[in-house]
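Number of protein chains: 2
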Amino acid sequence: MNKHEISTWFQNLQDSICKAIEEADGSGKFVEETWTHTEEGGGRTRILQNGNILEKAGVNFSGVGGKLSENIVKALGLSESEFFATGVSIVIHPKSPMVPIIHMNVRYFETPEEYWFGGGIDLTPHYVVDKDAKFFHQTLKKVCDSYDAEAYAKYKTWADDYFFNKHRNETRGIGGIFFDRLNETREGKSKEHIWNFVQEVGSSFASIYTELLSRNAQKSYNEGNKHWQNVRRGRYVEFNLVYDKGTKFGFDTGGRTESILMSMPPLAEWVYQYKAEEGSEEEKTLLLLKKGISWA
Amino acid sequence: MNKHEISTWFQNLQDSICKAIEEADGSGKFVEETWTHTEEGGGRTRILQNGNILEKAGVNFSGVGGKLSENIVKALGLSESEFFATGVSIVIHPKSPMVPIIHMNVRYFETPEEYWFGGGIDLTPHYVVDKDAKFFHQTLKKVCDSYDAEAYAKYKTWADDYFFNKHRNETRGIGGIFFDRLNETREGKSKEHIWNFVQEVGSSFASIYTELLSRNAQKSYNEGNKHWQNVRRGRYVEFNLVYDKGTKFGFDTGGRTESILMSMPPLAEWVYQYKAEEGSEEEKTLLLLKKGISWA
Numbered sequence: 000m001n002k003h004e005i006s007t008w009f010q011n012l013q014d015s016i017c018k019a020i021e022e023a024d025g026s027g028k029f030v031e032e033t034w035t036h037t038e039e040g041g042g043r044t045r046i047l048q049n050g051n052i053l054e055k056a057g058v059n060f061s062g063v064g065g066k067l068s069e070n071i072v073k074a075l076g077l078s079e080s081e082f083f084a085t086g087v088s089i090v091i092h093p094k095s096p097m098v099p100i101i102h103m104n105v106r107y108f109e110t111p112e113e114y115w116f117g118g119g120i121d122l123t124p125h126y127v128v129d130k131d132a133k134f135f136h137q138t139l140k141k142v143c144d145s146y147d148a149e150a151y152a153k154y155k156t157w158a159d160d161y162f163f164n165k166h167r168n169e170t171r172g173i174g175g176i177f178f179d180r181l182n183e184t185r186e187g188k189s190k191e192h193i194w195n196f197v198q199e200v201g202s203s204f205a206s207i208y209t210e211l212l213s214r215n216a217q218k219s220y221n222e223g224n225k226h227w228q229n230v231r232r233g234r235y236v237e238f239n240l241v242y243d244k245g246t247k248f249g250f251d252t253g254g255r256t257e258s259i260l261m262s263m264p265p266l267a268e269w270v271y272q273y274k275a276e277e278g279s280e281e282e283k284t285l286l287l288l289k290k291g292i293s294w295a
Numbered sequence: 000m001n002k003h004e005i006s007t008w009f010q011n012l013q014d015s016i017c018k019a020i021e022e023a024d025g026s027g028k029f030v031e032e033t034w035t036h037t038e039e040g041g042g043r044t045r046i047l048q049n050g051n052i053l054e055k056a057g058v059n060f061s062g063v064g065g066k067l068s069e070n071i072v073k074a075l076g077l078s079e080s081e082f083f084a085t086g087v088s089i090v091i092h093p094k095s096p097m098v099p100i101i102h103m104n105v106r107y108f109e110t111p112e113e114y115w116f117g118g119g120i121d122l123t124p125h126y127v128v129d130k131d132a133k134f135f136h137q138t139l140k141k142v143c144d145s146y147d148a149e150a151y152a153k154y155k156t157w158a159d160d161y162f163f164n165k166h167r168n169e170t171r172g173i174g175g176i177f178f179d180r181l182n183e184t185r186e187g188k189s190k191e192h193i194w195n196f197v198q199e200v201g202s203s204f205a206s207i208y209t210e211l212l213s214r215n216a217q218k219s220y221n222e223g224n225k226h227w228q229n230v231r232r233g234r235y236v237e238f239n240l241v242y243d244k245g246t247k248f249g250f251d252t253g254g255r256t257e258s259i260l261m262s263m264p265p266l267a268e269w270v271y272q273y274k275a276e277e278g279s280e281e282e283k284t285l286l287l288l289k290k291g292i293s294w295a
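These protein sequences, in sequence, are chains A and B.
Residue numbering for the first sequence follows numbering that gives the first Met the number 0, beginning at 0 and increasing consecutively.
Residue numbering for the second sequence follows numbering that gives the first Met the number 0, beginning at 0 and increasing consecutively.
Simulated from the structure, these hints should not be mistaken for lab results.
Errors might be hidden in some of the hints.
One copy or two, either will do: identical chains are not told apart, so a pair holds if it fits within one copy or between any two.
In silico lysine-lysine, DSBU-like type, Cα no more than 30 Å apart, as pairs [unchecked claim]:
hint : residue 1 : residue 2
1    : 66        : 133
2    : 18        : 274
3    : 2         : 289
4    : 289       : 66
5    : 28        : 190
6    : 274       : 28
7    : 190       : 289
8    : 290       : 66
9    : 190       : 94
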């Protein structure tokens, strides 16, 4: 498969995910804006705001090319500045604090000399629900197992390390899987086999999240839960602006700011020295925002 | 003057500023937490929350030393890793959107081989008021003029360039002054003359901000103004997490996260593709968030 086929598949993935999310939400509709990159290609940004269950959902496709700046060529360890990058990026902020934030990204990158696939899915519950965390990780493990027996363990650890607010010594959520720079040379697998895996990851998204919505969207909550949700959203902002490589790469390559920052929550709070009450649900969740928990 | 004298002066500056701010606010009180650095020294973090006029004010002193990591030594172009850094950092988020956010930093840094002073004050009005912007810049110009005839123009441009959200093509606010790495070699002035200037900057803070409070704190406002304030605060978060060197240096040197992030607003909003209404006060302010405006 070439970059055009990959890019087209990602566009279709965006379509099917948007359809599934609109159906699950019941009232929200995605509004699309298309944009063009200064050099080659562009994207379709789709944002759903103020739905029934979802407060803000961004499901973006992009396929852009051109020349990378010297700094980025160096940072990526490339020998060429010509590139093409395509993928789908999703961040969903639900209204209810009982429903988790979810993020997914699947992407393909190539230069005239090499290519790689990357991506991942991670879950950020405002309140960790054990059986949901298990369901989430077990589903991802199944997707990984059909690719390689060791993939889940490896990509789960990678997610723990990547989705980590170092300055808080706290994971962003309960992790998931993260992988990058997968290609024939490094994986010892065909490009087609890797591409199949990336497609499986992308295709798993809609059923995972709609299941989590149906399990949690009807739960009741109070003002205290909303406040906690806003504090967790503040940590989400911190991760995305301080550590997220997609945000950095987007800014550095002159990406479309509003599309990159669709990941920002509608509202976020910062409380100086926030302390969860002893024995509270908030404290229980905080104690689970650690690396190395075996959810699957 | 040596590092101890400088550090002591900064502590006294923290005291006098906190006193002036408490008086101006009328009800809020600073709560102090002291902390120690893993290697040498520590700090006094003082936060006032939910005052009469001010929602969250952080006035921090720190004086820390130790060894810098190789990366930072390289980034700063140093030949030594032993360092001492001391200073006062302030960020104030008022309740009312009619009152500006303010930031001030004065600092001193030394290694066994060299030293420098840095600092600045910048103002982020949610609504730009012409005569306040003039007053602010004219006051800073006076402080600069007594140091060097060309200082204001230079440090004003530096602030325009530094307090800039590149990904938004938008300044954080109406700027102010910013300077860094001032020492005898680079300035052709005695260490004492430079130190006097830094002290003047620090000492000017309380009267500048209390004047702006007395001019604006009684103005009425509505929900629309509050919403706009939250959107502007979102941009403030973006600057502080993406570009602010103090945040980065703090995180990189194992600083105290809660003290570093006292700059975060209590609440912030992100609206996809925010558009100010044509002819509105919000639009007028947006048009003034540009580099190169001559306020003084």
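Evaluated hints:
no.	hint	in the structure
1	66 to 133	neither (42 Å within a copy, 43 Å between copies)
2	18 to 274	between (40 Å within a copy, 27 Å between copies)
3	2 to 289	neither (37 Å within a copy, 40 Å between copies)
4	289 to 66	between (39 Å within a copy, 29 Å between copies)
5	28 to 190	neither (36 Å within a copy, 63 Å between copies)
6	274 to 28	between (37 Å within a copy, 20 Å between copies)
7	190 to 289	neither (34 Å within a copy, 48 Å between copies)
8	290 to 66	between (37 Å within a copy, 28 Å between copies)
9	190 to 94	neither (40 Å within a copy, 56 Å between copies)
Comparing the model with each numbered hint stated earlier shows that hints 1, 3, 5, 7, 9 do not hold.
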